[in-house]
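Colleague: Each chain, letter by letter, is given below.
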Amino acid sequence: MSWTGEDTGQQINDGHPACSGCGMILGVRHLLEEAGEDSTLVIPASCASVVQGVYPYTAFDVPVVNTAFAASASTASGLRQAYEQQDEDTNVIVVAGDGGSTDIGLASLSGALDRDDDILYVLYDNEAYSNTGFQKSGRTPGGAQTTTTPTGRIGRQKDIDEIVSAHDPAYMATASPGFVPGLRRKAEKGLAADGISFLHLHAPCPPGWRIDTDETVEVARTAVSSALWVLFERERGGEYTLNNPSVSAFRNPDPVAEYVEGQGRFDTATDADVEALEEQAAQNIEYFGQFTDREVSPR
Amino acid sequence: MSADLDRPAERPAGTEILSGTGAVARAVRDAGVDVVSAYPITPQTEIVESIAEYVETGELDASFSRVESEHSALSAVMGAAQAGSRTFTATASQGLLYMSEMVWWTAGARLPVVMAIANRALGPPWNIWGSHTDALSQRDAGWSQVFAASVQEAYDLTLAAYRIAENEDVMLPAMVNLDGFTLAHTMQPLELVSETAAHEYLGEISIPHELDVENPRGYGAMTGGEDFWRFRRRMMDAMAAVPDATRGALDDLADVTGREYDLVYTYRTDDADVVIVGLGTMAREAEVAADLLREEDGVDAGVVRPILYTPFPEDEFAAAVGDATPVVLDRSTSFGRGGILTRDVVMALDRPVASVIAGIGGQSVDYEDMARIVRQAEPGETAWFGGEIQ
Ligand SMILES: Cc1ncc(C[n+]2csc(CCOP(=O)(O)OP(=O)(O)O)c2C)c(N)n1
Ligand code: SF4
Chain X
1 MSWTGEDTGQ
11 QINDGHPACS
21 GCGMILGVRH
31 LLEEAGEDST
41 LVIPASCASV
51 VQGVYPYTAF
61 DVPVVNTAFA
71 ASASTASGLR
81 QAYEQQDEDT
91 NVIVVAGDGG
101 STDIGLASLS
111 GALDRDDDIL
121 YVLYDNEAYS
131 NTGFQKSGRT
141 PGGAQTTTTP
151 TGRIGRQKDI
161 DEIVSAHDPA
171 YMATASPGFV
181 PGLRRKAEKG
191 LAADGISFLH
201 LHAPCPPGWR
211 IDTDETVEVA
221 RTAVSSALWV
231 LFERERGGEY
241 TLNNPSVSAF
251 RNPDPVAEYV
261 EGQGRFDTAT
271 DADVEALEEQ
281 AAQNIEYFGQ
291 FTDREVSPR
Chain H
1 MSADLDRPAE
11 RPAGTEILSG
21 TGAVARAVRD
31 AGVDVVSAYP
41 ITPQTEIVES
51 IAEYVETGEL
61 DASFSRVESE
71 HSALSAVMGA
81 AQAGSRTFTA
91 TASQGLLYMS
101 EMVWWTAGAR
111 LPVVMAIANR
121 ALGPPWNIWG
131 SHTDALSQRD
141 AGWSQVFAAS
151 VQEAYDLTLA
161 AYRIAENEDV
171 MLPAMVNLDG
181 FTLAHTMQPL
191 ELVSETAAHE
201 YLGEISIPHE
211 LDVENPRGYG
221 AMTGGEDFWR
231 FRRRMMDAMA
241 AVPDATRGAL
251 DDLADVTGRE
261 YDLVYTYRTD
271 DADVVIVGLG
281 TMAREAEVAA
291 DLLREEDGVD
301 AGVVRPILYT
311 PFPEDEFAAA
321 VGDATPVVLD
331 RSTSFGRGGI
341 LTRDVVMALD
351 RPVASVIAGI
361 GGQSVDYEDM
371 ARIVRQAEPG
381 ETAWFGGEIQ
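Listed in order, the protein sequences are those of chains X and H. Okay, so the first sequence: first residue is 1 according to the working numbering, each after it adds one. Okay, so the second sequence: first residue is 1 according to the working numbering, each after it adds one.
Here chain X is said to cover these stretches of chain H; the calculated rule only asks that three of the stretch's residues, wherever they fall, bring their Cβ under 8 angstroms from a Cβ of chain X:
(1) 31-38
(2) 67-78
(3) 100-108
(4) 206-216
Simulated restraints, written as ranges between beta carbons of each label pair:
(5) H:Met222 with X:Glu33: 23 to 31 angstroms
(6) H:Met222 with X:Asp89: 24 to 32 angstroms
(7) X:Gly237 with H:Phe231: 43 to 51 angstroms
(8) X:Ala282 with H:Ile128: 48 to 56 angstroms
(9) X:Gln283 with H:Pro208: 50 to 58 angstroms
(10) H:Pro124 with X:Gly238: 44 to 52 angstroms
(11) X:Glu33 with H:Pro208: 24 to 32 angstroms
Hints listed in this document are in silico derivations from the structure and should not be mistaken for laboratory results. Owing to the predicted nature of the structure, the values given are computational and were not obtained by experimental measurement. Idealized CB from N, CA, C, for every residue including glycine.
Turn these sequences into a full structure, and let the hints guide you.
Modeller: Structural data, given as structure tokens:
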């Protein structure tokens, strides 16, 4: 029910306190519409733990278990175990940030992947610790400013997809709020998969990235069109399947500079930083380009 | 898979010879726990190895999750408890510290998880032997804690821990402590409760805030200063309900087993001038020391051993000590303050006590040593068994 008392059919109510233009909440709304009400969310410390609302209110129309920063995958595993013992097949969905997934929570994510617990793990990637005021995470791109890398991050993003892929989950995919039908299709597939699935959702963050609140979708799309964010999926034992938006982008990529110039967080990026990002895009095209013949269409 | 294996519908009561770890595992089996998760650490490991075997052979219809760390072990059983299941985990020492964040989280989430601790020293330096500092370092996290002194108590208290934790006035997790090696790995005869009797004793688990998709609620969300204190205040009240819940749980267990326990165990205290105070197996050994002191020194000595440690049963404890002079054998350290148990004893008695830090990290303290300690101890002072460092 919405806060006006109307049943909107959504699992996120109006009036939730996420920033306007938050890529995470946009993605999670669509995800939960796919999941439906027979779902339980597990949320660690993160923006998601804040946007659910402050006690005694809740923005979600599904049960939410809050857990400690490093504990989301294992908490979800325990929930799934209990539901299995009770013969319940409620969806168990983690919604965790890049910090909680790729840094402090990496061990518990790896453990759940290894055990193949039947959960959907959604990593929304705003490429920093946003909740604590936008500090560097393992997913912060090279050259991006954060409050702990005030002159720009040195190095490049931790390749969480390869790490996850090496565990060979039942299903894994990247998604973008710029391409909602694909996002929803992947959420559905992840929920249906037999075993653990991992959805890596790009999540532009207007205050952190210093973009206007109406630019989220555009920036998300530019990440894809410049080949910096690659849309793909992979089923257990299979190869990556590149999705159409990335297939097109690889044929004729937009300049990385277009993506970088639109965002305040790259204000201090040097030419060398931009070149490094260009190199990353080129590597993406070379590596994932191998898989273009297995394209599928997003709905 | 496990359903295909034959197993007797009823496992009768009987006597077996088991170690402390075996007794805890057997209690978990007889309790019919639903979800178990754990990470190996000496001297706890045998507990969960035995449970894993019960699960794999179909003797226990539970789900056992082999997680990658203690932090995950406790978060997994927390998730399972949140879904309404009866849960168990076990750890010791560094494992408990690694869990510490989730120790607080489970208590704050008011989930009746039961965890056994095979008490062991904390490093550095590395030491795998007994000490109580691991559990006592978590004293203020909102878990009730009991200390076993025999294999029988390890079994009985594990069963009782579920009743304490799941008591509707409590709804807080419970820790069952057993001394690393001295109890964990010592074999003693054990009288078992039949499986049916154990199930009857425990009843169905009922967690009022179990997850329900029909009635979705958020648990653990952000709370402001206008509300947070209410949650802590409720925990304080819940903890205050633990002594009664423990008494009830132990009395009901006595109806099944014939074995009676009080919150504080006493030995020859009626006419005692001096009492040795300790937790777990040290206080068992102290009973022999009390006998020796009576026989050889003509000192009327007794022993007072809290079985319930958190919350500290101050009234029962003070009554048990009476006017006798207490000598506390403390297997824990609070740096700059002395022994941890000693602080609780001082609070309960409101008079100077003699405190001796003894037996930490597996330091051997036998009954003759204890008698010697009693002869030398001075009220108001903290001494170390072992003397001055050369
Ligand atoms: C053990 C622990 N360390 C630090 C924190 C503080 N903390 C809360 S949220 C957060 C950052 C979360 O970042 P991320 O997972 O990327 O999610 P986001 O905030 O971007 O949504 C940090 C560092 C914490 N809650 N727990
Ligand atoms: S800070 Fe960023 S990620 Fe967090 S709610 Fe706001 S827009 Fe979303």
